[in-house]
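One line per chain: the protein sequences are A and B, in this order.
The opening residue of the first sequence carries number 59 in our numbering; numbering runs sequentially from there.
The opening residue of the second sequence carries number 121 in our numbering; numbering runs sequentially from there.
Everything labelled a hint here was simulated from the structure, so no lab data went into it.
Just so you know, not all the hints are guaranteed correct.
To be verified - 25 Å max Cα-Cα, derived DSS-like pairs, lysine-lysine:
1. B:287 <-> A:96
2. A:181 <-> B:498
3. B:498 <-> A:184
4. B:191 <-> A:194
5. A:145 <-> A:120
6. B:588 <-> B:546
7. B:474 <-> A:95
8. B:474 <-> A:165
9. B:588 <-> A:191
10. A:165 <-> A:76
11. B:191 <-> B:287
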Amino acid sequence: MTLYGLYYKRSKTMKELKILLIEDDTIEVMKLNRAIKKLEMSHQLIEARNGEEALKILKEDKNLPDIIFLDLNMPKINGIEFLRILKTDEVLRFLPTIILTTSNNQKDMLECYQVGIAGYILKPLKYDDYVYKIGKTLDYWSENELIKII
Amino acid sequence: MVLRFGSVLQEMSDDQLKIYERALKRERAARKQAEAILEKKSAELFALTQELTKSNRKLEKLVLEKTSRLKGVFHNIIDAYVVMNIRGDVLEMNEAATKLFGYDLAIEPINVVSLIYKADLKYAMDSYNQLLEHGFFTNYRARIFTKDKQIRWVHINASLIYDEHKKAIGAQGIVRDITENQLSAGIIAEQQKKLSAIVDYSSLAIILTQDGRIIQTNRKAQELLQFTESELIDLHVKDISLKDDHDISVNLMNQMNQEGLDHFVVKKRYIKKDGSKVWAKTSVAAVRNEDGSILYQVALIEDITEQIKNEEDRQSLMQRLEKSNDELQEYAHVVSHDLKSPLRSIYALVEWMKEDNIDSFDQATLQNLALIESTLEKMELLISDVLSFSSVSSGEKKLAPVDINELIEEIRQTHFFPKHISLVIKRPLPTLNVDRVRVLQLFQNLISNAVRYIDKTEGLIEVDAVEKGAFYQFSIGDNGIGIEKQYHQKIFKMFQSLNKSKESTGIGLAIVKKIVDNHQGDIWLESKVGKGSTFFFTLRK
Chain A
59 MTLYGLYYKR SKTMKELKIL LIEDDTIEVM KLNRAIKKLE MSHQLIEARN GEEALKILKE
119 DKNLPDIIFL DLNMPKINGI EFLRILKTDE VLRFLPTIIL TTSNNQKDML ECYQVGIAGY
179 ILKPLKYDDY VYKIGKTLDY WSENELIKII
Chain B
121 MVLRFGSVLQ EMSDDQLKIY ERALKRERAA RKQAEAILEK KSAELFALTQ ELTKSNRKLE
181 KLVLEKTSRL KGVFHNIIDA YVVMNIRGDV LEMNEAATKL FGYDLAIEPI NVVSLIYKAD
241 LKYAMDSYNQ LLEHGFFTNY RARIFTKDKQ IRWVHINASL IYDEHKKAIG AQGIVRDITE
301 NQLSAGIIAE QQKKLSAIVD YSSLAIILTQ DGRIIQTNRK AQELLQFTES ELIDLHVKDI
361 SLKDDHDISV NLMNQMNQEG LDHFVVKKRY IKKDGSKVWA KTSVAAVRNE DGSILYQVAL
421 IEDITEQIKN EEDRQSLMQR LEKSNDELQE YAHVVSHDLK SPLRSIYALV EWMKEDNIDS
481 FDQATLQNLA LIESTLEKME LLISDVLSFS SVSSGEKKLA PVDINELIEE IRQTHFFPKH
541 ISLVIKRPLP TLNVDRVRVL QLFQNLISNA VRYIDKTEGL IEVDAVEKGA FYQFSIGDNG
601 IGIEKQYHQK IFKMFQSLNK SKESTGIGLA IVKKIVDNHQ GDIWLESKVG KGSTFFFTLR
661 K
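Chain B extracted, bound-state conformation:
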């Protein structure tokens, strides 16, 4: 081509040639430049391509990773995970979901609506609308039916799934089985309900306080104090307490605050709304924080106005009884004195008649005068015994330990025992906490009775005692005349002497019975006529 150009050139003028030459020169330079640029660009492009391939590979790997990781999450998530289309047809479920609902997606299609517990349907629909509107819902709590028609409580957080055009095409939800929680929450709520029912219907007034301020009260507290619940909440404990009584409880309250006293009971008066007072037994317990500081105090208040009144009534009754007992005792003494005095006078007068007429009275008259005297003696004994009987029940009992062995010895020393009668203690007798004077009288009467009715040439009186639970059972046996069965009850009654004798008034055994009764014991006897009698009685240990 260059040769062909040469031949052409020979035919051109020099000027023309020169122009061509310059143009060609320029053209060459431009091409060279373009080639350089092109070369540079293509090198750049190559580098870029290399780079891109590398990052693409990386990206692919990343995506792959993410997908498998997601798949892992999807399958391993403990909570049930459900994907559904916008109509509610379930597209995908993880194992937990399959287990929870009991449906296997591989076998049968499910629509979530069929899972909804009917009573919760409206709530479910509202939540679904919220999902559509805002793209998500959280904290959905409702019941569902499982395939085998069991009811489970579930908690669901859900969100919409969009396609590339931002159009909602489905939804995904994480479903947690909260049946157990719900049940225990239900139990707690139920317990709370029960507890508040107990508190509210308690027959004790209950007041919760904090630093002396009333923070809660129950029905009974309101009823007792005549304030409404809200009125009470504005009040301080001192507002409803009598000042003197309040000072005492403040003192105890301080001990509770400072010295860790956990509980105390006081009897104090409260002031009702109408100003009247009510006596109450108040039992205060501290409820503490973990650091030991007091959170609040619970006061259980029992209205004891009635109780106190009863106690006062009882006391005044006791006092009246004591007084009338004393009066009776006094009366018995006066009567016995008034009855005894004339006996003394008659006795003296008879004696003087005898003295003054010692020479003129015949034997019969003297005998009659002697009969008057013995009658007077009998009368005197009777009065003494009646007085003694009436004294048994009255007067305060002076209980003290008494050694019964010593008591028997005292009787042995101070009483007359005919030579042919022996008094024997069969085994050591106990020491009892009793009224000494009365118990001495008891043994004395029984032993002197035994002495009186012994008709054998060798008389024997045996005293014995055996333990019987909370009691000691004593026995005093004799080998005297004995008592017929029909009289075994009667002899303990007043004036029931079986043998009219000079020493017997028929009151001795009545006194014995009364003393045993007063010691919460029992008395009875066993006897064989002609062989002897044994009196048994019990005395509390």
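Looking at chain A on its own, in the form it has when it is part of the complex:
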């Protein structure tokens, strides 16, 4: 078993991220939590079960997240609908949003990129692969210069 966190040396410039995960599946939420833990990262994860809840959090919380992980297939407001709402908001539109999904539907991808996303990550089947991908993605965003929106 090759664990990502064990052989990867982190740089000193890496920031701790505040991540908003919008996901309706309990196990998926657990997966991300466990992956961050396994990677020995100290990012802060805020969970929203759906789009409405996420919007509520974003409106109330004065301390906005650095990035958003968004699932596409959700009840009520689906991922793309949520994305559209986000992009019409004067402030929230600046939040980098990364799609985290199992669907590589060409149509969905085109639509997402058109509306405006910061990444499109396909969830692999194998858990190790998942951990690896999440590690890479979070590392990348930790190295990014992020704008703080007041």
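Add chain B to chain A, keeping to what the hints say.
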């Protein structure tokens, strides 16, 4: 005598003598005068006689000339010339007449009545009566029988011949053979009849116009527009056209008038008598005078209301089909997502169980957990393949020229080929106008199949292509395990994997078949068990 008078005189008195002498004197003078007159008259008479003889001779000569000239005319006239008595017995005929009627007057007598074609008898008799009454007839046209019972059409101008007492004693006629004319006139009339039948019974509406005015229509035009023939003749084209459409044809009509456009076709709507509209394809051609000015326009009008409706139906059907195809595609994606998500969760849960109990689980449990994982992987592959299969037929095809050589190279670069297997392109492959993604999938599936079933220590996969008419026939051959003949059809069906293996879902070849079908091609294979298989397929050039 004078002496005798002298002796008498001596016996007469002097007075008496004197009287006699005076009388004699007068008598002498008178005689002298008469003699002078007589002499003068006879001289005059002589001169006159001389003159008369001269002019008589001239006259005779003239008459002679005329007669011979007439005779010449009579004989040389191209038309038949016939002289008959008042009973119709032919007295004289020229050569042309002899030739026309076939009778020789020198051999047998002819009466004109015997020449008359029976059906024309009444017309002939009427004409004869007219001849008697007015002294002539002209433009007689009828049929006659020749001696050998052939029917000829003739044209006759005739006049009566009178004697010195102005009594009709016969008639003369100039007879012209018009059979040929009549025949061609008949042919023309027949053609006209045919033509008007064609025009009248045409399934196309036909309208003749002049400066936009309707001057003639056929039955179909009347039927289409619901107007009678006479109603239409009063109308202008714009009266039966929808305004917007009419403006377009007016524009074209102007081009026809001014720029010499000879023909145009428009799709326009006409307004029927009841106000309803009819879509029609109208083809307008100009009929011009010799100077190029337009005599009239012929419009052929085809009712395409039904056609347009069908086209609209077809389009809406296509749209519905496209929509339902899109929906199906969407559905396939959603289903595959919904099926894949739980697999991920199960996989994560199994992984966590292993992680959390790494020290307490025994080997058998760990093995079972590994089996769950490989089953999940198989399931994942299956879902991906089903989705891929359903995607082949849907979505718009993006046809573009694709170099198949490059395609094979791409597969060589992106796929894993074990060291003992070589992939060979036998000869340069063509460039085809195809859907790149699908054709890549096609070659990929066939080549990875070949790789999978090679059991020899030196594996060989050969790609080849030959031209076959409008198609290219490709082949992908391997020296693998081969396929039994009985399965050659079956393997292209869904879920028909011959070997249960980790990588095989039984959908790969079904996808291949579908892609080939979508490119109007064929696919088949030749194989020898233990020796290898060659898959052949055709793609349209």
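Each hint tested on the structure:
no., hint, verdict
1, B:287 <-> A:96, "violated, 148 Å"
2, A:181 <-> B:498, "holds, 17 Å"
3, B:498 <-> A:184, "holds, 12 Å"
4, B:191 <-> A:194, "violated, 130 Å"
5, A:145 <-> A:120, "holds, 18 Å"
6, B:588 <-> B:546, "holds, 17 Å"
7, B:474 <-> A:95, "holds, 16 Å"
8, B:474 <-> A:165, "violated, 37 Å"
9, B:588 <-> A:191, "violated, 49 Å"
10, A:165 <-> A:76, "violated, 30 Å"
11, B:191 <-> B:287, "holds, 24 Å"
The structure fails hints 1, 4, 8, 9, 10 (numbered hints given earlier, in ascending order).
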